[in-house]
Every structure is written in structure tokens, then in C-alpha cells.
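S.K.: So the chains spell out like this:
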Amino acid sequence: MTPERWARVTELFDLACQLPPADREPALRAACDDESLWVEVRAMLETYDADPDFLEGPADPTTVLDLADVNTLADRRMGPYRLTREIGRGGMGVVYEARRDDQEFDRRAAVKILPSWSAAVLAERFRFEWQVLAGLDHPGIARLIDAGTTADGVPYCVMEYVDGQPIDAWCRAHRLDVTARVQLLERVCEAVAHAHGQLVVHRDLKPSNLLVTAAGQPKLLDFGIATLLDSESGVSVGTTRTGFTSFTPQFASPEQIRGERVSTASDVYALGVLLYLLLTDQPPHDLRGLSALETLRTVCEVGPPRPSAVAPPEVRGRLRGDLDTIVEKALRKDPRERYGSVAALRADLRAWREHRPIDAVAPSWAYRASRFVRRNTLAVTAGAVVLLVVLAGAAATARQARIAERERARADARFGDVRRLANAVVGPVYDAISKVPGSTEARRVLVTEALSYLDALSALAADDLDLKRELGDAYLKIGDVQGNLFYGNLGDVAGARDSYAKLLALRRAVHEARPGDLDARLALAQAEIRTGDIALGESHTDEAVRRYEAALAMVGEVPTAPGHEAALTTAARAHDHRGIALNWAGRRDHALAAFGQAVALLEPLAAGRPPATAVREGLMASYGNSGDAYYYDDRFADALDRFGRALALARQGLAESPTAKAQRDVHLCLTRVAYALKELGRLDEAAPLELEAIRMQEALASADANNVQLRFDLAAAHEGLAETHYLRKHYDGAFAEATSSLALYRAALAANPAAHEQLFNDAQAQAWLGRIEFARGHLAESSAALRSAVAAFAAPDVSARKRTAQYEAAVWLGDALAARGRQSGQRAFLVEARAAYTAAASGLRAVAADGPLPAAVAGLPAEIGRKLAALPKAP
Amino acid sequence: MSTSPADDLTRLLHDWSHGDSAALPQLMELTYPELHRIAARHLAREGPGHTLQPTALVNEAYLRFSQSAPGKAWTDRRHFFAVAARVVRAVLVDHARARDAVKRGDGARRTSLTRLALAQGRAPVDVLDLDAALTALEAMNPEHSRIVELRYFAGLSIEETAATLDISTGTVKRGWVAAKTYIRRHLDGDLPRP
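As given, the protein sequences belong to chains A and B, one line each in that order. Quick note on the numbering used here: the first sequence kicks off at 1085 and runs consecutively. Quick note on the numbering used here: the second sequence kicks off at 4 and runs consecutively.
By construction, these hints were calculated from the structure, which means they are not laboratory data. Keep in mind that a hint or two might mislead.
Pulled from the structure, derived: some chain A residues nowhere near chain B, Cβ distances all over 12 Å [stated by the list, open to error]:
id, residue
1, ARG1089
2, GLU1130
3, THR1263
4, ASP1548
5, ALA1783
6, HIS1862
Here chain A is said to cover these stretches of chain B; the calculated rule only asks that three of the stretch's residues, wherever they fall, bring their Cβ under 8 Å from a Cβ of chain A [claimed, not checked]:
id, region
7, 148-156
8, 161-168
9, 183-191
Partial selection, computed: residues in chain B whose CB lies under 8 Å from chain A [claimed, not checked]:
id, residue
10, LEU95
11, MET143
12, ASN144
13, ARG177
14, VAL180
Glycine included, C-beta positions come from ideal geometry on N, C-alpha and C.
With the sequences and hints as input, model every part of the structure.
M.R.: Here's what the structure looks like:
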């Protein structure tokens, strides 16, 4: 049908539709004299009348997207190829085995069916790149043979068919030794280097893309497919597709994870991951079960353990040294610090195999030291670096000395030196660094290094109880810094669990050897507490409670009197943590009783005189924890009482020693007291406390300009005061505070634009500002701020509460727009308001599908329903 | 750092809405993976048998894209919906093709799996046939094809469709009834062959 004829048909059809059936025929005849048109329109009217509801319900994509279905395109023909069976399926298409049977020889190929949008892409933008890819001719690369579009518009490409096994499975199946694995990876490097020479980056190197044929030839698949669909060829869209590319996180470099520009260095990183995998049979990072944010953090910030530390025991010796170094260099977080090219990586692998010196710098004290200095500018850290360098030298000497039997006497002396130095690192140096803000990673490096020396020493002196005790101290500290939720930690819970398991074994051994020793008993009790902390962190509250009770049994009866502080604080800590576990398990009354026991042990020690630091901190924690329990039980008066006591202790601590931690404690207590006051409706009392908290943070922040955490605390404090003003209906004050808060978040965001947490805070602050503007009646400003907030909310995968914050903002945006629409009578605002409400409702439904909504927004879906119903119908 | 996808999206939407038809394939390329991912994730979470409102799908995609441009208010929201409707169509057509076991032209019957279930009690629509009908409609009146895309693949109401296309609701209503009647006849094989 021509457009002109269709226009005529619709015109008549529309006319007829307006009329009762009986009047239609005469009207049609009167309107035109073309009988063929009448026939057409009559047929349409019949069809319409038979089923006027046709197509009225929108499409339900799930019925088509059901991936469980196995129907395929098998037996279909693509150009000269006939598809025989499906062999793979991924985000970018489905791959079939295919045969070319128009030739004498029945040639096999792999055909990849691409998504339909790529048809236009292939035709218009990638003709040139296509030729480059087709030109990649290397035995290690599966060749791209052809590409095209079928008559009915299905784009496809044809590749060499590779009959092989993924590289990791192949190595295992053939029981390759370390040398053979390294040699195999060298050949992979050659193939990748060839492609880099043609300016093609793979970007998705992983075992499933790297098959080894029966003849032992590694073959890279999908070379350039990623690039082709994801071009960096200077076309603006292509450069940004990375944000949505389906790469494999396990093999993706930090820059890929962050969605930044990908280069040959990203392939170097992926080859490093492959090497790690082939050498140790495990990936550098265990990303299973991690959220997107945790994955980002792990890949971008956490250095993996050395291959020699995690490989099967029989190969560890071969990995230690050069291979560790090569892997470490390939896996550097900063692309510029990795091997400059794949060829350079290959050269080092070859050098290792031929027992020649490698290019990468060995255990790189300079590198570690530079990382230290970058993270911590304080002199105490510099001192630690010097100490570590000394330690490394001493340890090396000790190892050599151990080999030389005739120098035994000197070796013994060195043994003592190393032990003393390692203990200094674990003891005073560690404690000094702990006081430095942001030193978590530095502490981990320190303790890990010291630990490796102590480990080596303990192998030499298996029966030395004192050494066992020292080792225990080191494992305790490293576990704390790895992943104990009660300390600033690196989120490596699995590592912490291992360290604590060793700690427990060591302390049990010491306790069994010296059953009467009170220190050994207390040390074992501390180990039980740490083990409980891990269980608690994983929400195994029953197991945690059992551990804490074991600790209490181990401490036993202690008289509550001066002189027994160590035992009492240990027991109090066990009670306190037990209370937390009980609270998390929902047994709030038992929890409060446990906190009460902790307080009862410590209070006598604080009566009538200033308590020791450990006593004061323990008391403060237990008051704070019981305050929290009351608070979440809606018993705000009791909560206020406990928070008040905690605040008094925090102020005492600050008066004694104005450290950053003491200031932070006061700040936290002030904030909690203010919260409790707010809940009790005592807003006028809360405001000055919040103001004090702000003043305090301002002083701290100006003294430590680089500390981002402080700025955040300050921003949060402004946010809290904004809320108080808002509730007091002091909207102008609220506006001023919210503006300060947003400015601080903005400054922090400018310093680190990639941090999701900061994006979230920024969005939240904007949403608040919008809400306050709404209350002030500034509807235009309100909707602008809220639009911006809704747009600013970062990936909604942090926690249910955070996911809902954005939908709350969307509802507020709806409110502001609806009010504007009502005020101005402009339809567009109402339409946008409806869209905002609808988006919020569907978002909340998605959240609710994963579990119950947080209490604060539980009523929101119903509220949205009411708001939507109340929205004036658009004309 | 590269510019954000949302920046490109905003720019491309602007170009496209100002008549640069070359921007459309790029827009589709940019939005396809995300829409596909959302739909697939929904499916993985809900399992077969649950329905997915395209409105929810498109809105979530919109939120995600707009989130990736913090601090930027979107003015081109309606253009986004227009693109998203078209992309949802492409996603569904691709899947239908991938699972379409039938050698077309061999006279075998197509499986029921390519069919989109309509609301309860109504006959399912074959998405590939629907796609063909829309393509035919597009040649006769592109606006009619867009109306069907927005109503059916993005789940927009008559009013929202009107706002998106910047035409009156009356025009949308008339176009919608005529277009869907045409599609029904196309599906039923009732149209006279040219």
C-alpha cells in the first residue's frame, strides 16, 4: 500500500469509526467513489469490531526472552555455510558450528550470530576495522573469515573453527609442570603481541576464549569481535561503550572495571591473571558473591597474594622469587606500572625459563616503599620503611647463613636479629602506625612481611613456645587488619579467618604447654573472641555466641578489683560482643543483659578515679552498644541515657589525650545523643549538640586537609543538622546546612570522582536540598535539584536501603513536579511527575522482589499509589 | 577518563531528535546491552511464568543511564523512550530469531515460543510477524509505526505517547486504532498482495 493510499484509508476508517454501524456504509459512499477503498475500509472495520482489544496489553518480554529454551538456528544457512549445532552463547551473540559444503572439502567453521543492531554498525562504521581484523594472520589466533548479513537482516561473522579445550583445563588434563605452563603462556603472548602490532586489542582474554588444540597449539578466539562491536576507533560512541560491555570481572583490569579507556596494558593485565591462574590453579581475587562495589574495590585496590603463597605446596618453591615478581608486575593497578608491552612480559617469562635474570625489579622494596609514602606522609611510616628494608637484608643474610653450616654461630645471631626486628614491626611500629589515619593497607603490608619472616623462623624452631606466642600476636594483628569488623580492615574476611585459625592453634598449643599461665589463658580467650568476630561478621550469630561464651569460660572467675584489668577487659569485651551477636539475632533483651554484664565488670574500675584507657574504651563501647539496642527498640529515653554516658567517657578521653580517634569518638557520641533527642522530639536540645559536632569536625578537617573521611563526617553532620532544622520547620536554616553539606560532598567528589559511596552521598544531599526547597515553596529549584539527584544516584546495588533512597527521591521529584503542574497548569510537569512516580513504584517493586522493604520506605508504594490517583488527568 | 555513556546518549538523542537519522543506530547500540541485561536479569530473578511490564523495563533503563551522568538533568527523556521502545523491539526480535528453529520458506510451522503473550485470555502475537507488519507500516506512515512501538514495546499510555511524539492525543488515538487494525490484518494474512 502506498503512503498516500494508507492516508486515505485511515481517514475513511477514522470517519467510519465515529459513526454507528448502520450509518457507516452510506457515509463511506458519500465520502469517496473508489470502491476498492470501501472494500479496504470495510475489512478494517470488521477486523476492528471483532477484537477491539487487540494489542491493548503491552508486550511481555519474558515470554520471548526465556533462555531455557533450546530451539536454535541449526540447519539454517548463512551465505555458503550451513549451521550444524549451537556451541556457545554469550552477551554478544550465539555461536554455531557450521560447514561449508559448496566446496570439494567439507570445511568446518564457527559462525557467530550478532545482535540485530550491529547490522547497521557493521555496514556503516566498521568496514575498515573489519579488514584489519580479517588480516590478523597468526597460528595462535582463530581467523576471521567472513562477515555479512543474511537476506532477512541477521548479521553474522564466520571464524575458523577451533577444536580444543580451554587453556586451564588443558593444562590440568595434561598435567603440565610449571615450565610447560609458562612456555604455553609465552605462545599466547606471541599471538596477542601480533594483534597489538596491528593495533587490535582483545579486551576479553580468559580461558573460555583461549582454546588449546590436540596438537598443543593455543588459539585465541573472538579476537577483535569485542573491539569490533566496541570500537575505540575514535568514533565517539565506541569509546564509551566500555561502561556497558559484558567483560568478565575475574579477568578485567582495574581500568576496565572502572569503565575507563582500555589499552594494550589491559591485555597485559589479563595475561597476568591467566599466568596467575595457570601457576596456582586459582584466580588472583575470589570475586564470588561480591557486589559490584566490592568487586570494584577488590580489583582496583587490593593486591592479590603472591602466587607462591597460594599455589599447591609442591610448586611454591618454583614460583617464589622471579615468577612472583613477573606476575606482580603484570597485575599492577596502574597500567603505566605494568609491562610496557606483551612482548616485554613474554621476554621475562622466557628469561625465567632459561634461568636468565628477568627485567622486572625483584621484591621491589622501592615499589612498596613508594606505595607507603604515597599513602602516608608521616615520619613514623618512613621509619617503618627503613626498618623493613633493614629487616629484609637481615632475613636474606639469615637464609644464606642457614645454608652454610660452618657459620652456624653467626646464623644464630642473625636469627635473633630477624626475630627482634620482626617483633618490633609487629609490636611498637605497628601500634604507632595504627594511630595514623588511613594506614590500613600500610599495616597489612607491614604485618604480612613480618609474618613471612616469623613463619620462616618458626619452621626452624618448632618447639619454641615464645616464638609461638610472638607468631600468635602477629596473626592476631594481621587478622584484625585483614577483615575484623571491629577494626579498620581491608575486607579480606577469608584471609582473616585463616589468620585467626592459625592464631587459635598457636595459642591452644601455648595454653596446653603452660596450663597454669594466666596470660596464656587470656591470650586463648582473645583468640576465641576473634574467631567469634569472624562468625559474627558472616552473620553466624549462634556460632559467634558460642565462641564468646568459650572465651568467658576460659577467662573464668576474676575478682573485680584493680590489678585484674587485663582479665576484666577481656571478659567485658566477650560480654559486649556476645551482646552484639544476640542483638543481631533479634534477642534484644538478652543482648541488653550482656551489655549490662560488660558494664558491671568495668564500672567498678572507673568508680571514683579516671579509668585506664582500655577500661574507658570498653565501657564506652558497651554504653554505646546498649544505647543502639534501645534505640532500635524505639526505647529512646533509655538510649539517650546510655549515649549520654558514652559521651561523658568520650569527653574524658579527649581531655586526656586529644588524638584523632578521641575526637572522632566524641563526634560519634554527640551525633547519637542528638539522634535520640530528635526521636524524643527534643529538637531544640539536639540542634546545639549537632552544631558542636560540626565545629569539632571543622577543626579536625582544617588540621588534616587530605583526610577525606573527615570531610564526609562533616558533611554528614551538616546533613543531620539540616534534618533537625527541617523538622523544626526552620527551612531557611535547613537550606543553609544542606547547602554546606552538598558543597562538602561536591569537594570530596571532585577529589575522587569514581567513588560510588561519594556519588551516593552527593545524590542524597541533592535530594535533601530539593525536599527542603519544596518545603520553602521554591518549586522550580526543588524540581531541578531533585531531577539532578535522581540522575546522580549511582549504581543501585549497595544495599536495599540505598537502592530505595533513589526511589524516595523520585517520589519527591514527583511531588515537586505535580505541585508545579497544578500551579502552572502545564501538562508536561504532570506527565513527568507521573513518570517519576511510576519509576519509583517499579524500582521499589524490584527491591521488594529481593526481600522486604526497609521500614522507612515500607509505606511508600501505597503512598505512590495514592499520589498517582490524586494526580490530575492530563488533558 | 572517557566521557560517560549518558553524555553520549544526551548528545545523540539531541542529534537524532534534530533530524540526524545516522544517530539512531548508535543510540540503539548504546542502549541495547543495558535493556537486554535488565530484561534478562528480571527473567533470571523471576523465572519464566512471571510477566515483565515494558514500562518498568524502560524506566529502569532510563534511571540507569541518567544515573551515570551525575549532576545532569535530562531534558531528552521523551526521546529516550522513543529509542528504548525501538530497542525493546530489537531485543525481542533478536531473541525470537535466535530460537526460531524453523527453516523459513520450508513451510514448517513456527514454534509458539516466539510468541508474545498478550494480556490474559488473548491470542499471542508472533513477534517476528509483528516486526514484519511494523516494517510494512513504517513504509506507509512512520508515525504510526512509532505509536505502536511506544504503546506496545514501551507500554506508554495514549497521553504519554502523545507527549513523547509531541502530537495531540487525538492523533495518537486515531493512529493507534488504524495501525493496530492494519497489524491484525497483516498477521492474519488478510491484506491484498500488491
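S.K.: Could you tell me which of the hints above the structure violates, numbers in ascending order?
M.R.: 1 and 2
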